[in-house]
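K.L.:
If you're matching them up, the sequences are chains A and B in order.
Heads up: take any position in the first sequence, counting from 1, add 1, and you land on this note's numbering.
Heads up: take any position in the second sequence, counting from 1, add 31, and you land on this note's numbering.
Derived by calculation from the structure, the hints in this document are not laboratory data.
A couple of the hints might just be wrong.
As the list claims (entries may be wrong) - Using C-beta positions, here's what the derived DEER-type ranges look like:
id : chain 1 : residue 1 : chain 2 : residue 2 : range
1  : B       : Asn49     : A       : Gly161    : 28 to 38 Å
2  : B       : Gln208    : A       : Ser55     : 20 to 30 Å
3  : A       : Ile54     : B       : His47     : 20 to 30 Å
Computed from a prediction, not measured in an experiment: that's the story for all the values here.
Note that CB positions come from ideal geometry on N, CA and C, so glycine has one too.
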Amino acid sequence: MTLPARDPGRVVAVVSPAFEGLFRAEYARVVGIAHRVLADQAEAEDVAQDVFISFYRGHPADAPYARAWLHAAAAHAALNAVRGRDRRSRREAALAMPPDATAAVDDPAETVAASETREEVRAVLARMPERSAAMLALRYAGLSYAEIAAALDVRASSVGTLLRRAEDAFRRELR
Amino acid sequence: MNDTDIERALGTTEPHVNADDALARFQARVQTEGIAPVVPVARPRVTSRWLRGLAAAAGVVIVASALTLSGVAESVLKIFEPKSVVAVPLTQSDLNYLGQACAGLNLQECMGAYGTFEWTAPPQPKEVNSRSQASAQAGFTALAPTTLPSSVTGDPRYGVINRSTATFTFSADSTQQAAARQNRTAPPLPANIDGSKLFITGGPAVVQIWGAPAGTPSASGAYPDVPTLVVGQAKAPTVSSDGVTVDQLRAYLLSQPGISPQLAAAIRAIGDPSSTLPVPVPAELAISHPVTVQGVQGLYVGDNTGIASAVIWQKDGMMFEVIGSFTESQALAIANSMR
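Okay, chain B solo, but in the shape it has when bound (with noise of 0.2 Å):
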């Protein structure tokens, strides 16, 4: 059988459509059925939602992107430890489809859809009532900026997280039965990565946060919905396998429907997965580049209007981030000022 059987094979005539009732047909089906397009995307307002979500975001990435990237070992090994963090910009079509994926789940949840997800000592966030109490119940010493914003006034509050370990046991039937309920074919899992486990560590982890913007002190005394200024150290996050490779991994990851070309490109872009962390990026909502901070190269993140601004890093073994209403070179001043 040669291309033009093949070509016959699959059929030689072009269809001959006729758009204008194709269009038709498609607008009284809008109509009929009352679809919404997407709502496009407006310069957004830097919200607490925002602001919150960035930090949360920032935080779910050490478990998402242990588990999107794994390593190499024959036995029971460390695979993963960043040494460094790039942006991957989701798209509205990745969100749709994360959205579709995980919608009304948790992450542990969510993360059922392509195994079991166990946290072997979950994360356990406390307050404490100095710098000191967060250093000494951490393990490490926690650094604070040395330089602020006047808009950053009054004391922060500490928090401390401790030592997060989970499992995560691969599932071909999972896979399955989660594209089945969207009416989708997951790409068959390697019978390697069926069953096989990965090993996941995130922190200890210390969060300073300052509160109110000046001028507006919470009456009651209430902890503020809306920080000015979140600052994040952590031990960085690593990952054990017991057998699965990077570029299984990774090959399987791009395999999945509904991952879109810029995700996927940003994904097979990664140097060396192994010691890289991607930080996800809403591709329409912020812009991101890196930065050199601390002099080591960080990832600067902002949203559109140029209000809000995130920088992460890692250094010495430690992710750092500092979070907040700020332009880029306050942002970069505040995290140059860490000590």
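Next comes chain A alone, as it looks inside the complex (with noise of 0.2 Å):
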């Protein structure tokens, strides 16, 4: 295969239209589904660029099953991600993350304890069965049920039962 020219001031468009077009409309999403296990946006993208030279990879951009497979990739990779930290970096990075993932707050301590709760969802959601895991992150990325089934294949009609189980779960899990 021969690669367009190098112009590091210019990105060459590289890749099909029929993956650019894929990319635009499931970017955030993978992102969203990446952002709801890793609470840092950066992190989230890099899972996300992972996400799509996975699929890039190995899958054709009309693929049917596109979707589905991002969706769960996003999951399953910041899961995986998740349970790659060290705990140490983990509370480092607990600390300097802004606090998205709860309201905002001025008082430092409220900030640190805030923190802290984050990293403890992130704890459980590491502990948790893995298609749990991803389904809570899937649905809280804002996934229909329909959505949630295709990716995680389930039967659409088992995934408010499955996410009830998991909801429990992770409440159990987090106290």
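Make the complex out of the two chains shown on their own, each in a separate frame, by following the hints.
P.N.:
Right, dumping it as structure tokens:
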């Protein structure tokens, strides 16, 4: 394969129009799913880039399963990223993280508490069964039951039940 | 904690993204790292590789399907014996996943990703001189087609494969290690599956192969690379289990990362997994549909060009397959002429 000439000042369109369309249509959604897990936009965007690279390498842009694949991959990749974090780095990241997971607070003590809560949330997601954690990430990123069913390959009629179980497990774990 | 609390815990602020910038980053990375997109699947020309691959797939399915579908038993009981066949579409996604999982590995090593696979009696194919010899060694009457298309000429060659047995022992450690090597997280192996065993038998089998296309005899007499017709017949494979159930194994299989929604749906749709042999069919390369052959329901598999065909069916405890460069009607005529 011959790549277009490289020009540091300009990015040449190297992907097909179909892939570009898919990327533009789904990028925000993929970031949103990863963000629900990671609570860090920069990290979520890195995950999204990796997810699209994986898809680009292995799948045609017009594949009928493209959206479902991207959604599921975003959740799983983000959960893998959380599990891969070192406990210490998680804590450091939490303290440096903008408090976008809770209401804005001015009190430094509350900010620290909020950050710790976010980290506990990530730890809970990391401990939960993969499908349950992914289901929460997808649902709270705004996916419909039908979209969740397609992404996680469960019956649409089962999503409500599975989601309730995931939420119950999440509450129990978070205390 | 109510739903609102969960929503708050999981973050309520939507990230603001700039898709243009993100796409530019993506394209720059593709360029910088020289990342190539998946090659679009062209309508494939039928090649010897395709035919050999299909024949190999039909053989491997005996073991592969046995490992993916097992059954119910309190002790060692026969829990899988196919009474029918069904196509299971493998998407490019599944093939990529399997390719990653088994890159550079043979079947035995690949199955090692989930536990220990051991041949207790490995398959040892050998050639014999006649159909009667093949029948005598296999222990059953090898059927042969009585009607052949004009493109199939000459005498067939005969191969016999002995009755083969293998044991597979599930291992949670192996599963986790294999997933870690792929930078993935495998779902936990249920405790009652960890350490349990499957006992697999396949064959004996007889294979009859017709050689080069008409008009192109091999001058050297060497065995042609591209058989025009392959007819296979084997005792139906069986699987016994020392405790794992069909539902447990199916649920575990479906929870694996990388299983496409299409494949999962197809596996889930199998009504009775203890008696249905799933035949993997590359979804982008081939078509398949049920057919009636020899009075039973079988499976037709053809490549997208309509040039190569395979018919697979099960009858009276035997598995049959007819593979070659035929149209569907020709392949069915051959299959129905087997006596």
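K.L.:
Confirm or reject each hint.
P.N.:
Against the structure, the hints come out as follows:
Between B:Asn49 and A:Gly161 the beta carbons are some 35 Å apart, a value that agrees with the proposed interval 28 to 38 Å. Checking the proposed 20 to 30 Å range against B:Gln208 and A:Ser55 shows it holds: the Cβ atoms sit about 22 Å from each other. The supplied range of 20 to 30 Å is met by A:Ile54 and B:His47, whose beta-carbon atoms lie about 22 Å from each other.
No hint from the list above goes unmet by this structure.
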